[in-house]
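Visitor: Sequence:
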Amino acid sequence: MSDFHVGTQIYSGQTALDQLDDVQNQQIMLVCDPFLNDSQELQKIKNHFNHSNTIEVFADVKPNPPLENIEAGVTVFSTFKPTVMVAVGGGSAIDTAKAIRFFGEKLDQQKIACFIAIPTTSGTGSEVTNTAVVSDEKNNAKFPIIEDYLIPDIALLYPELVMSAPKSVSAFSGLDVLTHALEALVAKDANLFTDALAEKVIDVITHNLTTIYQQPDNYEVRELVHQASSAAGIAFNKAGLGITHAIAHQLGAMFHVPHGLACAMTLPYVVEYNAQDPKARAKYAAAARKAGLISGSTSDQVAVKKIIHQIKAMMRAMNCPQSLVKFGVKAADANEMVDRIIEGAKGDGTFPGNPIMPDDQALALIYKKVIGN
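Under our numbering, think of the first position of the sequence shown as 458, with each following residue one higher.
Hints are computed from structural coordinates only; laboratory data are not their basis.
Check before you lean on any hint, since a few could be wrong.
[Stated by the list, open to error] Label-pair restraints from in silico Cβ distances:
| hint | residue 1 | residue 2 | range |
| --- | --- | --- | --- |
| 1 | Q758 | D674 | 19 to 29 Å |
| 2 | T532 | H766 | 44 to 54 Å |
| 3 | K747 | P809 | 23 to 33 Å |
| 4 | K595 | Q566 | 35 to 45 Å |
| 5 | Q758 | Q566 | 50 to 60 Å |
| 6 | T755 | D495 | 49 to 59 Å |
| 7 | H766 | D674 | 23 to 33 Å |
[What the hints assert, rightly or not] When the alpha-carbon atoms are kept at most 30 Å apart in a straight line, the in silico DSS-like pairs for lysine-lysine are as follows:
| hint | residue 1 | residue 2 |
| --- | --- | --- |
| 8 | K645 | K657 |
| 9 | K762 | K825 |
| 10 | K645 | K825 |
| 11 | K769 | K825 |
| 12 | K519 | K624 |
| 13 | K825 | K624 |
| 14 | K657 | K762 |
| 15 | K657 | K747 |
| 16 | K747 | K624 |
| 17 | K763 | K826 |
| 18 | K787 | K803 |
| 19 | K519 | K503 |
| 20 | K787 | K747 |
| 21 | K787 | K762 |
| 22 | K595 | K657 |
| 23 | K826 | K783 |
| 24 | K645 | K736 |
| 25 | K787 | K657 |
| 26 | K538 | K501 |
| 27 | K736 | K787 |
| 28 | K563 | K503 |
Virtual Cβ for every residue (Gly too), placed ideally from N, Cα, C.
Throw the hints in and build the complete structure from the sequences for me.
Guide: Okay, here's the thing in structure tokens:
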């Protein structure tokens with residue numbers, strides 16, 4: 458049986474923030490990236506809340522949210538006792554808010570009434586998903602918290618918040634969106650609904666991401682990619698992900714590779730591996746045709762090669778290192794971590810979603826291609 462449910466009410470466009478005007482008489486815990494704390498952007502958001510509300514800002518957010526920061530946020534949660542949570546920032550800020558809510562509600566046996574996410578990057582899709590990824594820095598590990606009630610009730614896609622993102626952030630985040638779509642497309646729980654979203658996202662990203670890199674002030678394209686990020690999040694939240702993310706999580710934990718870049722480094726080799734499966738190969742090819750990357754008469758095998766070429770071409774166009782060595786990791790150091798990468802990937806929550814199950818040898822081969830030379 459196939460099922461499909463979107464738990465988030467999404468508002469997109471120049472007036473998206475107006476939805477905050479309806480919040481009345483609430484204790485609002487606002488979680489944001491630290492650089493936003495004293496910014497005009499955050500003040501604009503806060504100005505939408507009238508004086509009947511009380512706001513507590515928690516800005517102690519770090520990339521790949523470490524447990525120590527989550528614990529600090531839970532302390533604020535327990536003291537302030539919010540009725541509404543608002544997360545403003547990239548995936549780390551939204552994941553931090555989710556994790557604070559998860560532990561805070563369990564500790565205090567209290568429930569918030571509404572969770573609002575306002576993403577400032579076009580990448581993670583965390584504003585529409587049930588997952589938060591948290592880092593255990595002492596053990597160089599990442600682990601997901603997965604609960605459907607963590608899906609934000611409301612997502613406000615306000616394109617002006619992503620206009621000032623650095624080029625590298627736009628590139629890495631956008632490549633994460635493409636990874637979400639390509640993995641959701643062939644994941645084990647994919648269905649017609651998630652396929653439709655994934656295919657559209659592949660079309661949008663392959664034709665527009667490099668434009669954002671070259672024209673960061675292009676509002677229309679920014680809005681389109683921002684919407685695609687959420688669409689990809691909806692797709693993978695239902696369909697699942699796969700071994701690209703399972704490996705990328707290890708690259709982030711071991712070598713501190715930004716998540717979107719780690720995904721992009723790994724994605725071509727996972728697409729190549731998954732294409733051994735006839736069903737996955739056919740779905741890749743269909744998406745490539747719908748995106749206009751190939752003609753209708755092109756074989757599925759050639760279509761897969763075109764997708765791989767497209768990923769690498771986009772990375773080159775946006776000056777993204779395509780291997781760990783190009784990123785600055787010594788090949789010898791990376792090779793020493795083969796066994797840990799494999800074990801970590803197999804234990805990752807995204808691993809079971811892959812269309813075919815790789816053995817250790819296959820995982821090692823993919824990883825060694827990611828190392829590069």
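Visitor: Which numbered hints are broken by the structure, listed smallest first?
Guide: 1, 4, 20, 22, 25, 27
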